[in-house]
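> Numbering (our numbering), first residue to last: 1 to 335.
These are calculated hints, taken from the structure and not from any lab test. Note that the structure is a prediction, hence the values are computed from the model and not measured. Note that the Cβ used here is the ideal one computed from N, Cα and C, for glycine as well. All the given hints hold, so there is nothing to weed out.
Beta-carbon label-pair distances, calculated as ranges:
{"#": "1", "residue 1": "N293", "residue 2": "A61", "range": "27 to 35 Å"}
{"#": "2", "residue 1": "D272", "residue 2": "V18", "range": "50 to 58 Å"}
{"#": "3", "residue 1": "H62", "residue 2": "S248", "range": "35 to 43 Å"}
{"#": "4", "residue 1": "A295", "residue 2": "S19", "range": "38 to 46 Å"}
{"#": "5", "residue 1": "R291", "residue 2": "G73", "range": "33 to 41 Å"}
{"#": "6", "residue 1": "D272", "residue 2": "S110", "range": "36 to 44 Å"}
{"#": "7", "residue 1": "D315", "residue 2": "S248", "range": "18 to 26 Å"}
{"#": "8", "residue 1": "R291", "residue 2": "P258", "range": "19 to 27 Å"}
{"#": "9", "residue 1": "R291", "residue 2": "V138", "range": "33 to 41 Å"}
{"#": "10", "residue 1": "K30", "residue 2": "D272", "range": "38 to 46 Å"}
{"#": "11", "residue 1": "V112", "residue 2": "E11", "range": "17 to 25 Å"}
{"#": "12", "residue 1": "A229", "residue 2": "D296", "range": "27 to 35 Å"}
{"#": "13", "residue 1": "V112", "residue 2": "A207", "range": "46 to 54 Å"}
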Amino acid sequence: MGLNIPSALTEVLLIEDVSQIGHARRTAQKLAEHLGFDETDAGRVALVATELSSNILKHAAHGQLHLRATGNGGVEMIAVDRGQGFDLDSCLVDGFSTGGTQGIGMGAISRVAQVFDVYADPRGTAMLARLYPRASTVSDIRYGVSQHSLHDDPACGDAWHLAIEPGRFSVMVADGLGHGSEAERAARDGEQVFARSAFDEATRLMADMHVGMTGTRGGAVAVAQYNAATGSLRFTGVGNIGASLIGSGKSRGLASHPGIVGVQFRKAQPFDYAEVGGQLLILYSDGLQSRWNLADYPGLTHRHPALIAAILHRDFCRGRDDVTVFVIALEAIDG
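Model the full assembly from the supplied sequences, consistent with the hints where possible.
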């Protein structure tokens with residue numbers, strides 16, 4: 001059995017006042033219940049949402065709680081702020097606090113959540129918690145995505161999709177021209193074609209997406225297909241979807257061809273990259289600045305990909321277009 005994880009916006013909850021903690025708790029709990037969490041498990045989600053939100057106020061005074069479904073039955077929450085950071089090792093010890101409390105918040109989160117990770121430096125903190133029902137046997141998928149529409153428009157001109165089968169995955173990111181409902185239609189039409197045949201030969205898949213997006217504004221599209229057995233990645237891009245491979249002490253950009261899928265492009269030649277197992281793949285629309293370097297964030301490449309996506313969005317969002325940042329570890333994933 002394979003798994004298809006469709007495009008979805010990241011829900012952003014502002015945390016600037018103690019009164020907003022309750023709203024964050026209720027919103028997270030409602031998402032958990034929608035995903036089938038029972039009362040006890042939904043209560044765990046509510047507890048973590050409360051602790052994450054409270055931590056933002058204690059350490060940074062204001063920030064955001066990012067909320068989304070993981071796509072395999074879990075709830076993901078990331079607390080994002082621009083505070084001064086703090087001593088993570090100390091704050092994970094019960095009884096220690098730099099915020100004047102009992103010092104049980106971060107320790108409680110790490111015990112309740114099946115997945116917990118955090119990154120802090122002088123630019124701020126991002127704290128990740130993923131929770132699944134207690135009876136769940138699914139494994140965490142080491143990917144992360146941060147997707148936001150311009151000015152919180154309900155329509156987003158970006159789309160992404162992750163398809164997983166045992167030992168391989170295929171992912172796409174599309175950016176419809178402009179923003180708003182017409183750009184959304186273009187990107188979503190491309191996603192629909194991709195979802196039906198994500199593991200087709202790359203040139204054929206791009207040609208099918210071109211047909212599927214004909215009659216729309218068209219857009220930029222990138223597709224990456226990873227085979228864990230061979231440790232190889234095939235990348236095919238048309239337009240200005242950014243793509244980078246991040247390895248041990250090195251980073252390289254992946255080349256795309258000019259054109260607009262759905263309108264006109266001359267070719268969509270795939271590029272193959274060997275021996276990339278263990279590296280990170282980062283795909284992003286042009287709503288994100290391209291002049292970022294993970295080497296400026298010591299240790300971040302070893303953190304969960306969801307943290308990387310959230311931090312890149314926090315620090316490099318242009319603020320004048322829809323933005324998508326997709327990060328995934330190149331490793332075997334159970335389908």
